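**Student:** Got chain A; can you put chain B on it based on the hints?
Residue strings, one per chain:
There are 2 protein chains.
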Amino acid sequence: MISGNSIKHIKSLGSKKKRNIEREFIVEGAKTVAELLRSEMKIKKIYALKSWIHNNAKKFQGIDIQEIDENDMQKISVMQTAPEVLAEVFYKEEKKFQIEPDKLYLCLDSVQDPGNFGTILRIANWFGINTLIASNDCVDFYNSKVVQASMGSVFRVDVFYCDLPSTLKKALEMQLPVYGTFLNGKNIYTEKLSSNGIIVLGNEGHGILPETEPFINKKIFIPTGSDARTAPESLNVSTAAAIVCSEFFRSCPKKFCQV
Amino acid sequence: MISGNSIKHIKSLGSKKKRNIEREFIVEGAKTVAELLRSEMKIKKIYALKSWIHNNAKKFQGIDIQEIDENDMQKISVMQTAPEVLAEVFYKEEKKFQIEPDKLYLCLDSVQDPGNFGTILRIANWFGINTLIASNDCVDFYNSKVVQASMGSVFRVDVFYCDLPSTLKKALEMQLPVYGTFLNGKNIYTEKLSSNGIIVLGNEGHGILPETEPFINKKIFIPTGSDARTAPESLNVSTAAAIVCSEFFRSCPKKFCQV
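Heads up: the protein sequence lines correspond to chains A and B, in order. Counting in the numbering used here, the first sequence tops out at residue 259, every number present. Counting in the numbering used here, the second sequence tops out at residue 259, every number present.
Isolated chain A, as found in the complex:
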């Protein structure tokens, strides 16, 4: 039986404001919690069904765990189907962000959709990009839909929110390449790509914002194989992220994040 206060507390963490006060967020579902347990994140408490506890007994030694029934799980979960397990997790320790000249960063300009943000974290993680820069108006990466879509990559990729123009200005002053996708950019397949610098991807509806554009010194473009009459207007931002990261990875044999 879960207490009314616990239900209230967990549900309150759906709000970014409350999360930032408590410095806690929620991780739901067997797959994402499995990733959580093999990460270095600090877990405050796990709520789980009997079946999950039975199958995972070895994995959560030393963690405060409470068995609840499906009815209670439904009350605290935001998922359509109540998951087997839900965890209250402490925020990562805050690190100070400083651009390292030899690293490659992915950077999101006003990406609002949690599914896109989470998918992009997973893509960055796949290709060994371990730091993501996000403009202050991007969706919060502790949002439960971001956590879900990232399939655990949120635990492994560091995300820094910042004022994008001033951060990119600093990168240019350090002589780093700042890439961005534009319709009038150069063909990504033939352009020489770097193994360091920053790759900026834009907002779902508007692309890279006008106030960000002046700080991009390498405009790139993913060519289409359809003619203008039959081609889609654009690609989804997470699709573009996948193609761009793949292309940087393919053309730069050294690892992006070895410093």
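Hints were generated in silico from the structure; no laboratory data involved. Here the structure is a predicted model, which means the values were calculated and not measured. Hints should not be assumed to be uniformly reliable.
It does not matter which identical chain is meant; a pair holds if it fits inside one copy or across any two.
Stated by the list, open to error - Below, a list of computed lysine to any residue pairs in the SDA-like style, where the Cα atoms sit at most 25 angstroms apart:
hint : residue 1 : residue 2
1    : Lys170    : Arg38
2    : Lys75     : Pro214
3    : Lys255    : Ser3
4    : Lys219    : Gly128
5    : Lys31     : Ser251
6    : Lys145    : Asp113
7    : Lys145    : Gln80
8    : Lys8      : Leu49
**Tutor:** Coordinates of chain B only, in the frame set by chain A:
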């Protein structure tokens, strides 16, 4: 004012069974309807708010259109926020599917998520792949979430549902390469890729199914830049589709669908 019968009819098209009887489906939202209007699809009727009609008067000459208010739009829409416009559209004319030896096909094995299916249609369309093969248990491409996620590409890419093993068997008999993504496949960046044949992508949770695997003669893999301890277990199927299509497109300069 919309009639009760019309509301009932439109809502019934949320069911695949009913869609197949009526041979009609629903397209919602200003962006997707704009794509609909520039496509060759046959529209049965448009329901729209006054503002949309005012702004689009030139685009729908000869189409049966009814002005409704937001309240009525909310009743017939499945979107969270009622759209400005909703269209009842006739199914495409059915074509007979036959593998053409010089074309490149994308093929989905048991892809269930409408968002993934729609995103993959948009990716195929971007790279000039105009035919998608889907196993019979994939989500229906007239599902409104597929239509939405495809951003209109559903109007431009042909989808054929079929029994996958027997279709792929036929491709092998025609000496065509049948690609599929597997963890033990060959590096997609260094493997020679063909400009014809079939690329199979697997189910969200299980990848390519065991009954499909014997018919794949070119196993490929997207390498990861993270080490085993920190890499995600897999990529989302639409992310994989983006990378694989991009790589085929980059390495095969000729268009995939010129026959």
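**Student:** Which holds for lysine 219 with glycine 128 at a C-alpha limit of 25 angstroms: within a copy, between copies, both or neither?
**Tutor:** So lysine 219 and glycine 128 pass the 25 angstroms test inside a copy (23 angstroms) and across (23 angstroms) alike.
**Student:** Using 25 angstroms as the alpha carbon limit, work out where lysine 75 and proline 214 are close: within a copy, between copies, both or neither.
**Tutor:** neither (48 angstroms within a copy, 45 angstroms between copies)
**Student:** Checking lysine 255 and serine 3: alpha-carbon separation at most 25 angstroms within a copy, between copies, both or neither?
**Tutor:** neither (48 angstroms within a copy, 62 angstroms between copies)
**Student:** Using 25 angstroms as the alpha carbon limit, work out where lysine 170 and arginine 38 are close: within a copy, between copies, both or neither.
**Tutor:** neither (36 angstroms within a copy, 44 angstroms between copies)
**Student:** When Cα atoms must be at most 25 angstroms apart, do lysine 8 and leucine 49 count as within-copy, between-copy, both, or neither?
**Tutor:** within (19 angstroms within a copy, 40 angstroms between copies)
**Student:** If the cut is 25 angstroms between Cα atoms, do lysine 145 and glutamine 80 qualify within a copy, between copies, both or neither?
**Tutor:** both (12 angstroms within a copy, 16 angstroms between copies)
**Student:** Go through the copies and call it for lysine 145 and aspartate 113: within, between, both or neither, with a Cα cutoff of 25 angstroms.
**Tutor:** Both: 9 angstroms inside a chain and 16 angstroms across chains, each within 25 angstroms.
**Student:** Cα distance capped at 25 angstroms. Does lysine 31 pair with serine 251 within a copy, between copies, both, or neither?
**Tutor:** neither (32 angstroms within a copy, 36 angstroms between copies)
Checked against the numbered hints above, the structure breaks hints 1, 2, 3, 5 and satisfies the rest.
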